[in-house]
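**Q** Keeping their order, the protein sequence lines are chains S and L. Following the working numbering, the numbering of the first sequence begins with 10 at its first residue and continues without gaps. Following the working numbering, the numbering of the second sequence begins with 0 at its first residue and continues without gaps.
Hints listed in this document are in silico derivations from the structure and should not be mistaken for laboratory results. Do not rely on the hints blindly, as some may be mistaken.
Cross-link-like lysine-lysine pairs, in silico, BS3-like; alpha carbons within 30 Å at most [unchecked claim]:
#, chain 1, residue 1, chain 2, residue 2
1, L, K492, L, K163
2, S, K84, L, K163
3, L, K426, S, K69
Owing to the predicted nature of the structure, the values given are computational and were not obtained by experimental measurement.
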Amino acid sequence: MRKADRIFGVIGLGLALWCYLESRKFDYMTEFTPGPGFLPFWVGVALAILSLYLLFDTVKRKPSEKDGKKLLPEKHALYRVAFIVFMLFVVKFSMNTLGFPLTLFVFTTVILAVLEKYSLLKSAGYGIAYAAVTWLIFEYVLTMGFPKGFLGI
Amino acid sequence: MDVLANLMGGFATCLTLSNVGYAALGAFLGTMVGILPGLGPSATMAIILPITFGMDATPAMIMLCSLYYGAMYGGSTTSILVNVPGEASSVITAMEGHQLAKKGKAGTALGLSAIGSFFAGILGTIGLAFTASTLAEFSLRFGPAELFSLVLMGMFTIIFVSGKDVVKSLMSMVIGLGLGCVGTDIVEGKDRFVYGISELLDGIDFVILVMGTFGIAEVLESAEEFMKITPMKVKFSELFPSLAEIWYCRWAILRGTLVGFGICCIPGSGPTIASFLAYGVEKSVSKHPEKFGTGVLEGVAGPESSNNAAVSGAMVPMFSLGIPGSGATAVLLGGMILYGLKPGPMIFVENADFVWAVIASMFIGNCILIVMNLPLVPLFASLLRIPYGLIYPAILIVCIVGAYAVASGLFEVGLMLVFAIAGYFMKKGGVPAAPMLMALLMGPMLERNLYQALNLAHGNVLVFVQRPISATLLAIIVLMAIFVGIRSFRGKKAAIEEAEE
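Just chain S, same shape as in the assembly (with noise of 0.2 Å):
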C-alpha cells in the first residue's frame, strides 16, 4: 500500500497543479464574492497539502501489515481487467461504424469466448441473445436513438 500512497500523492500533486493553473485564468475574487478562480485555486491548494502529507507519511511511517497489499492484482487477473477495459473501449470508438447492436455482439462474443472460455457457437448465441434483448428493450421500446452503423441497424 505505500507504493500505492506514493502513486496517489503524486497524481495528486499534478492534479493539484492543473487546478492552481487553471485557476489563475480568472478573477479570484469580484467585489464582494469569490470569482470563478476562487474555488479552482482553493482545491489545488488542498489538494496540495493532502498530497504532500500523504507522500511525507510513506516515508516516516513503518512498515506494516497494509504496506504488504499490492496495488495491482495478479497477472492473470489484471489481464482480465485489462481485456475487459480494452473491449469496452473498443465499443465506444466502434459503435458509430458498426452500429449499436452489432457493437454488442460483438463484445459479447469475444469477452464470453476469450475471457470465461466458452466455445465460439455458444459465445456468438450469447451474443446474440444479448444484442437482440438489449436492442428490444432500449432501441425498438425506449427508442433510445443508438447509432445506425453501415448495416443501417
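Place chain L on chain S using the hints.
**A** Same frame as chain S, now just chain L:
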C-alpha cells in the same frame, strides 16, 4: 396530525396500478441485486437511473427506493446460503446466518431475516415520516450561510464517520469538488476545465461518475477471478421460523431498528456500519455472548433489522436537508435533481405530493418484499447458479446504454470508462469513491451558497460565524476534526508502543 394527513395523501398518490407495479419491479430488481454478489445497490441504481429519464419523478423514485431497500432484503440470502455477502451490509449476516444454515436452520435464518427486515422497514419508514418533516420545517429558517455550513458539515461528516482513511477520503472529496468546477461557472459564466469540448459545458454528469466508479469499477474487481458459487438448498416448508423464535428475537429486531435508523440519520454512516453496530449491541446485551459466531438467532435478526431501518434513516437528511446520507442516497439525490426537483427543506413545500408518495410507497414496498422474499427465496437462490461470467457482460452493456442515454453521445461513454479505470485503482488503493461523488453533487451547491451568502453580507466573511446556526454547524466540523485527530494520534502512539515492545 399533519404528518398522518400528508401520509394518507401519499398513499392516495402511490396506490395506483402503475406506481405499485414500479415498486414491485424495484423490489424485484433490488432483491436480485442483493442476492447476486458483484454489484451493489448504489451501482445498480446508478445504472437504472438513465433508463428512468423518460418517466415521471414519482414512479421513478418509488422504483429506485424499492430497489435500495430490496437489496437489503436480498443480501441476506447469499450470506446465509453461501457465506458470501450479497452486499456489504450483509457481512455480519454471513457470519451468523451461515452457521445457522450449517446446523440445518437455513430456512429459519432466512425467514427471521425477512421478518426482521419487514418490521424494521415499516418502523423505519414511520420514523422517516415524522423526523424528516420536522427537520425540514426547522431548516426552512436556513439562509445561504447556513446552507453553506450545512453542506460543508455534511461532506466532512461523511468522511469522519465512515471509518475509512481520513486523508484519502479528503483527497477524494477535494477531487470531487474539482470535478464540480468543470463547466460554466455561476459567477461570471466562464468556462472552467472545458478546453473547447462542448460536451463539458454543462459540467460532468454525476450519473457518468457513479456508473464508472461504482458500477464498472465494481464489476472489474469482481471479474478478476472466476466466481463459482454452490448455494445450500432450502425447502419452502422450512422457510418460516416458529412463533416462539420470532417472539424470542423481538427485542433484537427493535434494538436493530433503533440503531439502524438513528445511526443513519447521520450522513456517512450507511447500512454497513449500522449492521456492525447492531451486532455489537446484541453481543453486549446477550446473556451468552460467547455463543456469537456459532449461529445465534439474535445475531441475524438484529443486524438485518438495522440495515433495513438504516435505509429509512439515510433518507432523513436526504429529504429534509438535501444532504445524502450514503452513496446510495447520493444517487437518489442526483436522480431527484435530474427529474427537475430541488432537494432540501423546500421540497416538503414545493413538491409535497412527491415526497409523501415516495414515503408512503416504502410501506407498500416493504409489504411486497416480505411477500416476495419468503416464498420466492428458493427461486432467488437458484439465481446464484447462473455463472457470473454471463452476468457481468450484461451489467457492462447496461452501463454503456446508460452512459449513452445521458446525452445521446459516445463522449459520455468514454468519460465513464475513464472514471471506471480511476475507480478501479481507487478501490485497489483504498481511496473511497463516495466522498468524490458527494462532492461532485454538493460542490456546485456549496459554491452557489458561498457566493450568495457573501453577496448578501457585502463580502463580510464573518457572516458564517455571526449567524448562530451556521456557527454551530462549523463548530461541529471543528469538534469532529479534533476528535478524529486525537483518535488518530492515540492510535499511532499505541502502534509505536506495541512495535517497541
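**Q** Compare the structure with each hint and give your call.
**A** To see whether the hints hold, each was checked on the structure:
1. Between L/K492 and L/K163 the alpha-carbon distance is near 19 Å, which keeps this suggested pair within the 30 Å criterion.
2. Annotation: proposed proximity of S/K84 to L/K163 holds, straight-line Cα distance about 28 Å (limit 30 Å).
3. Straight-line distance between C-alpha atoms of L/K426 and S/K69 comes to about 24 Å, which keeps the hinted pair within the 30 Å bound.
In the structure shown, no violation is registered for any of the earlier numbered hints.
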